[in-house]
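K.L.:
Guided by the hints, dock chain B onto chain A, whose structure is given.
Protein chains in written order, with numbering that gives the first Met the number 0: chain A, 0 to 243; chain B, 0 to 269.
Treat the hints with caution; some may be incorrect.
Cross-link-like lysine-lysine pairs, in silico, DSSO-like; alpha carbons within 30 angstroms at most [what the hints assert, rightly or not]:
1) B:K163 <-> A:K18
2) A:K152 <-> B:K163
3) A:K172 <-> A:K111
4) A:K152 <-> A:K133
5) B:K163 <-> A:K26
6) A:K172 <-> B:K263
7) A:K106 <-> B:K263
8) B:K246 <-> B:K57
9) A:K152 <-> A:K223
10) B:K261 <-> A:K133
11) B:K269 <-> A:K133
12) A:K65 <-> B:K163
13) B:K257 <-> A:K34
14) A:K133 <-> B:K258
15) A:K111 <-> B:K163
16) A:K111 <-> B:K181
17) A:K223 <-> A:K34
18) A:K152 <-> A:K185
19) A:K111 <-> B:K257
20) B:K21 <-> B:K181
21) B:K181 <-> B:K257
22) A:K18 <-> A:K216
23) B:K263 <-> A:K111
24) B:K269 <-> B:K258
Worth flagging that the hints you see were computed from the coordinates, not collected in a lab.
Take a look at the letters that make up each chain.
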Amino acid sequence: MNDENYVSIQQLSKSYQIKNRLVVALKNICLCVAKHEFVSIIGTSGCGKSTLLRIVCGLDTDYSGKVIVNGNIVVGAGLNCGMVFQEHRLLPWLTVAENITFALHDKTKTEKVRLVEQYLDLVGLQGVEGFYPKQLSGGMAQRVAIARSLVNKPNLLLLDEPLGALDALTRLKMQQILLRIWEKEKTTMLMVTHDIDEAIYLGNRVVLLSESPGTIKKEFLIPKGIDRSDTAFVKMRDEIYHEF
Amino acid sequence: MEIVVRLAKKYKNKFFFTRQIKWNSVILPFALLVIWQVIIFLGLVKPILLPSPQQVMKVAMEMIVSGELIRHLSVSLIRVLEGFSLAAILAVSLGVVLGMSAVVFQLANGTIQLLRPIPPIAWLPLAILWFGIEEGSKVFIIIVGAFFPIFTNVLDGIRQTESKYVELVKVLEISRWRIITKVVIPGALPFIFAGLRTGLGYAWMCVVAAELSAGMTGIGYMLTDARAMIQTDRVLVGMLAIGAIGKLMDMMLQLIEKKVIKGKEFYTGK
Numbered sequence: 000m001n002d003e004n005y006v007s008i009q010q011l012s013k014s015y016q017i018k019n020r021l022v023v024a025l026k027n028i029c030l031c032v033a034k035h036e037f038v039s040i041i042g043t044s045g046c047g048k049s050t051l052l053r054i055v056c057g058l059d060t061d062y063s064g065k066v067i068v069n070g071n072i073v074v075g076a077g078l079n080c081g082m083v084f085q086e087h088r089l090l091p092w093l094t095v096a097e098n099i100t101f102a103l104h105d106k107t108k109t110e111k112v113r114l115v116e117q118y119l120d121l122v123g124l125q126g127v128e129g130f131y132p133k134q135l136s137g138g139m140a141q142r143v144a145i146a147r148s149l150v151n152k153p154n155l156l157l158l159d160e161p162l163g164a165l166d167a168l169t170r171l172k173m174q175q176i177l178l179r180i181w182e183k184e185k186t187t188m189l190m191v192t193h194d195i196d197e198a199i200y201l202g203n204r205v206v207l208l209s210e211s212p213g214t215i216k217k218e219f220l221i222p223k224g225i226d227r228s229d230t231a232f233v234k235m236r237d238e239i240y241h242e243f
Numbered sequence: 000m001e002i003v004v005r006l007a008k009k010y011k012n013k014f015f016f017t018r019q020i021k022w023n024s025v026i027l028p029f030a031l032l033v034i035w036q037v038i039i040f041l042g043l044v045k046p047i048l049l050p051s052p053q054q055v056m057k058v059a060m061e062m063i064v065s066g067e068l069i070r071h072l073s074v075s076l077i078r079v080l081e082g083f084s085l086a087a088i089l090a091v092s093l094g095v096v097l098g099m100s101a102v103v104f105q106l107a108n109g110t111i112q113l114l115r116p117i118p119p120i121a122w123l124p125l126a127i128l129w130f131g132i133e134e135g136s137k138v139f140i141i142i143v144g145a146f147f148p149i150f151t152n153v154l155d156g157i158r159q160t161e162s163k164y165v166e167l168v169k170v171l172e173i174s175r176w177r178i179i180t181k182v183v184i185p186g187a188l189p190f191i192f193a194g195l196r197t198g199l200g201y202a203w204m205c206v207v208a209a210e211l212s213a214g215m216t217g218i219g220y221m222l223t224d225a226r227a228m229i230q231t232d233r234v235l236v237g238m239l240a241i242g243a244i245g246k247l248m249d250m251m252l253q254l255i256e257k258k259v260i261k262g263k264e265f266y267t268g269k
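Looking at chain A on its own, in the form it has when it is part of the complex (with noise of 0.2 angstroms):
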């Protein structure tokens, strides 16, 4: 294992079947992610980037091919691992507060409030501990569940299309919010999403998937510290655009 391959997926490939037909969503995948790489997944809807997210977080274990993160073959879900789901799954029982330390193992009650506040801060929330979800709005609560997932200070975070149920002026905010993260916690991150403009700004490395079966059709490097409007920034996406 070296940094190079922190994530190392090999000959991956997923199918199920569905009333006797046997459907191939994901072929033949190889793909390595550094050590604190952004990775960003981008592809139509049902192109089965979210069952690749799904097999790496270990969730599904049903595939045939390798995957390696941090020198361990995936057997199954873990802290060393965090998911941010496309929905927030926060329990609609527990507080804000209670949501975040939901996640903790073994701490202390002092220990606990100033992770709760460590990580709120993070994600730029103050004040909203006692809240249910919902009293949030999706924005607010995506962002405590990004602070759930990272309170356990996990090498890895997968996100699944995390902003995809936000209005475009949350989003842009968020992914700034996402940004600010990855460089301040040295998380390594991969992202599933369908938005191309979101892909470049995040990413380090812009994956694309082809549809049915999914295959890795095309690889694009992000030169670093890429703004939005840069002439860079917009070849890029006509590129990437082009190749969808």
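P.N.:
Below, chain B without anything else, positioned relative to chain A:
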């Protein structure tokens, strides 16, 4: 004194009995009372079959003053409280165990479902032989009656646990105990309370049925006793008393439900 005033202010409107009565909810009982009165006034039914509301009221007052009503009612109430709480503890814990373990479910569910169709009152002959004619058999019948609706609802509630939370607890490596206390039970609470409320109704049905059939105490016994002496007014007082106390206990359960279930808005219709 100041503290009392402050507490009173704080808890004002907190209890259901201090809340202002919604006038809508008294229209129907009032209408029924009027119809009852009209039937009596027109002489459509013999007073021995249906005494007038005033008569029932008068007898009720007499029975309250003499302590007879309270005495019988409290005997039944204690039986219901004992039987219902035992049934609730048993049903919730068994429901959780069966709901959380596929193996235990396969082992035990068939047998439990086989016992379910047996009417609680059919257990009475056996219960009297086993636990005696007064307290033991009555409490046993209540447990049998209240157990199944609670148990079935707890199990159904656990089955409703959403797969998105099941995935979440896997990713977060949450221990089994915390899955039960923080995810499964809170999610099943609306079902559990539906079961508790149904179970409480069954508990009252069972205690009255058991007292009607055997023994010399309780509100059910009072009903048979009154019927034997053709005191229809006393029968009606007994029935109304059961209805009132049952409703009161149901309201308490609803109040607890609203306190216990968090982060949820209850739909109350349009």
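K.L.:
Does the structure keep A:K152 and B:K163 at a Cα separation of 30 angstroms or less?
P.N.:
holds (22 angstroms)
K.L.:
Run the distance test for A:K111 versus B:K257: straight-line Cα separation, threshold 30 angstroms.
P.N.:
holds (28 angstroms)
K.L.:
Mind checking the alpha carbons of A:K133 and B:K258 for me, to see if they're no more than 30 angstroms apart?
P.N.:
holds (17 angstroms)
K.L.:
Quickly compare the C-alpha distance for A:K172 and A:K111 to 30 angstroms and report which way the hint goes.
P.N.:
Distance of about 27 angstroms is within 30 angstroms: holds.
K.L.:
Holds or violated: A:K152 and A:K223, Cα atoms, limit 30 angstroms.
P.N.:
Cα-Cα ~25 angstroms, so holds.
K.L.:
Has the given pair, A:K172 with B:K263, been kept, meaning a C-alpha gap of at most 30 angstroms?
P.N.:
holds (29 angstroms)
K.L.:
When you check the alpha-carbon spacing of A:K106 and B:K263, does it fall within 30 angstroms?
P.N.:
holds (28 angstroms)
K.L.:
Does B:K269 pair with B:K258 here, judged by a C-alpha cut-off of 30 angstroms?
P.N.:
holds (23 angstroms)
K.L.:
B:K263 and A:K111: Cα distance at most 30 angstroms?
P.N.:
Cα-Cα ~25 angstroms, so holds.
K.L.:
Need the status of pair B:K21, B:K181: alpha-carbon distance at most 30 angstroms?
P.N.:
violated (36 angstroms)
K.L.:
CA of A:K65 to CA of B:K163, is that 30 angstroms or under?
P.N.:
holds (25 angstroms)
K.L.:
Holds or violated: are the alpha carbons of B:K163 and A:K26 at most 30 angstroms from each other?
P.N.:
holds (26 angstroms)
Figure legend: structure checked against the earlier numbered hints; hints not met, in rising order: 13, 20.
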